[in-house]
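Undergrad: Model the full assembly from the supplied sequences, consistent with the hints where possible.
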Amino acid sequence: GLANHPKIKQAAIAAIHQYGWGTGASRLVAGNMMLHQELEKKIAEFKGTEAALLFPTGYMANVGAICALVGREDIVIGDKLNHASIIDGCRQSGASFRVYPHNDVSQLESLLQKSSRYRRRLVVTDSVFSMDGDTAPLPEIVQIAQKYDAILMIDDAHATGVFGQHGKGMIEYYGLERKIDIIMGSLSKAIGSIGGFIAGEKCLIDFLKNKARSFIYTTALPPAACAASLAGLTLIQEDTSLIDKLWENVRYLKSQLSEFISNISAESPIIPIIIGSAEDALNLSTRLYENGILIPAIRPPTVPLGTSRLRISLMATHSKEDINRLIDTLKAIGFFTHGNTKYIREGYAQTDVG
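For the sequence shown, counting from 1, position 305 maps to 1708 in our numbering; every step adds exactly one.
To be clear, the hints were calculated from the coordinates, so they are not data collected in a lab.
All values reported here derive from a predicted model rather than from experimental measurement.
Do not rely on the hints blindly, as some may be mistaken.
Stated by the list, open to error - Pairwise CB distance ranges, derived in the manner of DEER restraints: (1) E1448 with T1705: 31 to 39 Å; (2) E1441 with T1622: 12 to 20 Å; (3) E1682 with E1724: 27 to 35 Å; (4) H1420 with N1666: 49 to 57 Å; (5) T1622 with E1448: 20 to 28 Å; (6) E1441 with Q1568: 21 to 29 Å; (7) H1569 with N1727: 24 to 32 Å.
Unchecked claim - Below are the DSSO-like pairs computed for lysine-lysine, each with C-alpha atoms no more than 30 Å apart in a straight line: (8) K1444 with K1582; (9) K1412 with K1648; (10) K1445 with K1614; (11) K1444 with K1614.
For glycine and all other residues, C-beta sits at the position ideal for the given N, C-alpha and C.
TA: As structure tokens, this is what we get:
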């Protein structure tokens, strides 16, 4: 919703008038601007860390940080449903890479128990999982990481601007300030701009400036993007009613869907409806689009075979009328009728795969 906020658009336009569009070089050559440093300072203050480092995208932040921190003598242990950028970073790093079943902290501990021979151990997890919308048990993960002296990194992309009293993310939500070693975040979700970041201790950020190849060897973010991000962060900090409205929408949609579908998960504003086959998911998404509603169909390889889904992403700018329109449209196209119950089984649908 914030991507179209007047203050964000005005900030970007003003930056273009003052600085032009592109930066023309990497941060370490000639592309560094005061806006980059101002944004990094604001991110660090927002996340409660000593420092932060900007990357052109969230993908580049994850890949760059992981590849800089671990190598052939190390091991990375991550959740099975971590974002693709985390998985790619682990594979490219050269470190040993193990996954534990989704949110299974006992298996995480078992893997750490068996990993004492490695020089460095990195545990990495999404805080909010992008395709299922559920959340990681961060307090338990923090305890286990501390017990085995492992470095802990969380991808807070889908929690930033959403969770916590002030929208600071899952760390604020759980009261885990100063207990997470590496915080990755995105400026392209709730903030309404583009870019990614790593936040943490100053020594970590100084290290990444000199070792993260996806920071060193890429053109810096345009000043307009930095200005838009600064405006977005300011809006979230100054108007917490945006967060309240977002969660009001989550609760309302869940209550409406629960009349027709059992076990609807609403741990976050990402609410998936598991369909089953890719063809059925695409057909339903197309029918909704024809009625003026955009809900993408998520299909393999992004999700496992047989679990294609409609992925609802709520915003604070959605109204109750918008949500009612979605429910009414689903009714009108027959989604909730007896003939379509194959789409709405509990858990993952056991229909034909596609």
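Undergrad: The structure should be examined with respect to each hint, and the outcome stated for every one.
TA: Verification of the supplied hints:
1. E1448 with T1705: 31 to 39 Å: Since the Cβ atoms of E1448 and T1705 sit about 34 Å apart, the hinted range of 31 to 39 Å holds.
2. E1441 with T1622: 12 to 20 Å: 19 Å, holds
3. E1682 with E1724: 27 to 35 Å: 31 Å, holds
4. H1420 with N1666: 49 to 57 Å: Since the Cβ atoms of H1420 and N1666 sit about 51 Å apart, the hinted range of 49 to 57 Å holds.
5. T1622 with E1448: 20 to 28 Å: With Cβ atoms ~26 Å apart, the hint holds.
6. E1441 with Q1568: 21 to 29 Å: 25 Å, holds
7. H1569 with N1727: 24 to 32 Å: With a Cβ separation near 30 Å, H1569 and N1727 satisfy 24 to 32 Å, so the hint holds.
8. K1444 with K1582: At roughly 20 Å apart (the allowed maximum being 30 Å), K1582 and K1444 satisfy the hint.
9. K1412 with K1648: 22 Å, holds
10. K1445 with K1614: 23 Å, holds
11. K1444 with K1614: 20 Å, holds
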